[in-house]
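Participant: Position chains B and C against the provided structure of chain A, taking the given hints into account.
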Amino acid sequence: MDCPRSGWIFIGRLEESARKAADWLVNKTPLRSVRDWSIAFSLWPVHFTTSCCGAEFAAAANPRFDAERFGFLPFLSPRQCNLLMIEGTLTKKMAKAARIVYEQMPDPKFVIAMGACAIDGGIFYNSYNIVRPHEIFPVDVFIPGCPPRPEAVARAIVLLQRKIREARYLKREKKYESAGEVGTDE
Amino acid sequence: MTSQGSRSSETDMGYGPGTIKEPGFRYRPMGRDAEGMELYEIFIGPQHPASGHMRIVVRLDGDIIVNADPDIGYVHRTMEKLSETREYLKSIPLFERATIIDSANITWPYVRAVEQMLGVEAPLRAKYLRTLLAEINRISSHLYGFGLTGIFINHSTMYMWSFGDREIWVQLAEELTGARLTHTYIIPGGVRRDLPQGFKEKALKAIRYMERRLEDYMKIFVYNPVTVARFREVGVLTKNDASRLGIVGPNLRASGVHYDARIAEKYGAYPELDFEIPVMEEGDSLARLLVRIEEIKQSMRIIKQVLDKMPQGPFFADKYMRLIPPALRKHVAETGRIKLPGAFIRLKPPAGEAVARGEMGHGEVFYHIVSTGDTKPYRVRIITPAFRNVVLFRHLTRGARFMDLPVIYGSIDYFPPEGDR
Amino acid sequence: MPQNPPGAVRMGLLEDLKEKLGDIAAEIREEKPNYYSVRVEASSLVEAARRLVEMGFDHVASVEGVDWIKEKEMEVSWHAESYEPDLKSIIIKLYTRVPRDDPRVPTLIDVWPSAEFPERETWEMLGVVFEGHPDLRHLLLPSDYEGIPPLRKDYRIKVEGFIVDLTRQQKQ
Chain A
20 MDCPRSGWIF IGRLEESARK AADWLVNKTP LRSVRDWSIA FSLWPVHFTT SCCGAEFAAA
80 ANPRFDAERF GFLPFLSPRQ CNLLMIEGTL TKKMAKAARI VYEQMPDPKF VIAMGACAID
140 GGIFYNSYNI VRPHEIFPVD VFIPGCPPRP EAVARAIVLL QRKIREARYL KREKKYESAG
200 EVGTDE
Chain B
841 MTSQGSRSSE TDMGYGPGTI KEPGFRYRPM GRDAEGMELY EIFIGPQHPA SGHMRIVVRL
901 DGDIIVNADP DIGYVHRTME KLSETREYLK SIPLFERATI IDSANITWPY VRAVEQMLGV
961 EAPLRAKYLR TLLAEINRIS SHLYGFGLTG IFINHSTMYM WSFGDREIWV QLAEELTGAR
1021 LTHTYIIPGG VRRDLPQGFK EKALKAIRYM ERRLEDYMKI FVYNPVTVAR FREVGVLTKN
1081 DASRLGIVGP NLRASGVHYD ARIAEKYGAY PELDFEIPVM EEGDSLARLL VRIEEIKQSM
1141 RIIKQVLDKM PQGPFFADKY MRLIPPALRK HVAETGRIKL PGAFIRLKPP AGEAVARGEM
1201 GHGEVFYHIV STGDTKPYRV RIITPAFRNV VLFRHLTRGA RFMDLPVIYG SIDYFPPEGD
1261 R
Chain C
17 MPQNPPGAVR MGLLEDLKEK LGDIAAEIRE EKPNYYSVRV EASSLVEAAR RLVEMGFDHV
77 ASVEGVDWIK EKEMEVSWHA ESYEPDLKSI IIKLYTRVPR DDPRVPTLID VWPSAEFPER
137 ETWEMLGVVF EGHPDLRHLL LPSDYEGIPP LRKDYRIKVE GFIVDLTRQQ KQ
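Residue numbers (this note's numbering), protein chains in the order written: chain A, 20 to 205; chain B, 841 to 1261; chain C, 17 to 188.
With the rest of the complex left out, here is chain A (with noise of 0.2 Å):
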């Protein structure tokens, strides 16, 4: 059968098909299943540090509390990294290069703010410089806290890998695609 590669087909487009073909597959339960325990045991959290909970952030890191054990180190480029930390507050000039951190990151990609002030803006609710992140992108999971302990992080991590294990990160993303354009800073 002749079939022109991107040609038009009474089952339309082709390559859009395949695709089709290939989510319904991964979507099934055993590919599915295998695909989220492995997104959820490899976190890598952007080296992002928005404000002051950073301190609390890298305690978690430490040997003491030890993080990486969830499959969770912080890492370098945001072009490698799924997860992204807000850290504390978020304040207008910070919010800017955040958004765009958070463009840069691959699909699928998740937001845990930490902090008081990434809530509703904590002991600085009143400041005229800062911006509540929920506005910014969709944030998975709140750490409540001022600051609140690494435990609470390692908890948060726990959190974040049930939600991906129990695939509730998906439902999200199509409401925040049109979420307007923040400047991309060219």
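Treat the hints with care, since some could be wrong.
[What the hints assert, rightly or not] With a cut-off of at most 20 Å between alpha-carbon atoms, the simulated SDA-like pairs for lysine to any residue come out as follows:
1) B:K930 to A:G164
2) C:K86 to B:E924
3) C:K174 to B:D1214
4) B:K921 to C:I40
5) B:K930 to C:K86
6) C:K174 to A:V150
7) C:K174 to B:T1215
8) A:K111 to C:K86
Just so you know, these hints were derived from the structure itself, not from any lab.
Facilitator: Using the frame of chain A, we list chains B and C on its own:
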């Protein structure tokens, strides 16, 4: 933070300047200098592999830094404005978020300035307890700096070791105050809690452990040939420049200036204690590391003396103790924990102004408070050590190689939330 | 390692200051022990600063402004300190008052290079123009910030109340 090869290969490989659009790393041509060489401008940060929060715009001629411009303000949380809307006591937790790793030292001068205006003096035991926590904080702040310096030059062992050992001091502070980092321990009139039972033994054990570990640090990090090669004679700050630019803290003392706000202001229990201010003459990055190591030793010496000399008596000023109802006062005496009545929040210093300085792990912090006799300050000016040291990014990097930048950044122990306030 | 030098404080500094700065200063006072204030007119700031440097106060700890909105004046002050052994516990506040509508003072970074960043911050936060400062760009605020400088008293921010009005929050 690697340099991207020579200029000719970039055009050969099909990507010219300006095509890379990552926020962490970006460069663009700047035109030519006198000899026809192209200058490049590189943006580093705010997403970069260390304490983050700041951008440095570096102008490069080949591998030599022509000019570096620190672009700070990524963690500017407007503390000076917020403190004008809050009562004096509520500003203490606010200011300690500036340097969360050194929170006792940053709030102590503020409390001293408020005490000056109120005319209150803390009892002697409270002064000793404040000194104790301040020195514990100083050690953990220096260890934090070491860890980040390690990360800067990809020495992960140093990060793991110093952050692991920092936990010991954080735990000691937690034992004393109840919080890992944000202690709010020093309040006008004294401290919030008495010394817990068995604290001395734990502290002495920690000191013995740390003394042993410092020797390991020297072997694996400070006198490591790689570290010495990268740190020695890099970023040299002369004595005259250090004084004229108003540099503070270990960076100043590594350049041969004998100055420490603990000696200059004579606050707390320091006039009664026997300790030295480490000073080195070289002024390079290695000297700055060694001064910090030496300061950790001196801090441990102070802690030992404080625990030996700890006087008996009240740990909270009598003037405010009388505010507490008698039944509750008995509870305070039994548990050694202050429970303050609500009236305490409405401290009302008379109109006037006060200044206070204190020595933090990173350097000298300066407060200027203007009061109009209200329950809220009219104006609080904080100058943190990191903000005074930020000029070093411009001063020390000029003429250095690009790969010296992480070393200089690490050695001046810049902590951005503190600089931006 | 050298031992701590004896912490002797210079005595009679108030007389020294009056002798040195008496002809240009409007007021010289000892506010607190070891804390002196020198008030000069804006035109003689540079000369006063130069004389303070000659005395040994070779850097500033802080540059700041206080917005006295009722008097319609802006107080701009430089806190000078020194690393000399006999002057190290002393802080001298050199200040001036200028009209709030158009606060203009000469920059002192030629005399005190350490004033560069704090002066830039004071320009940004209070709108004080330091004439001759080469680099008055935004430092802490975003570079596209426009509006009243935030540390001025007419810049209002939300203030926490003692009672949280839950009903109002639910309506929002």
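Participant: Taking the hints in turn, state whether each one holds.
Facilitator: Results for each hint:
no. : hint              : in the structure
1   : B:K930 to A:G164  : holds, 18 Å
2   : C:K86 to B:E924   : holds, 16 Å
3   : C:K174 to B:D1214 : holds, 19 Å
4   : B:K921 to C:I40   : violated, 34 Å
5   : B:K930 to C:K86   : violated, 26 Å
6   : C:K174 to A:V150  : holds, 15 Å
7   : C:K174 to B:T1215 : holds, 17 Å
8   : A:K111 to C:K86   : violated, 31 Å
The structure shown violates the earlier hints numbered 4, 5 and 8.
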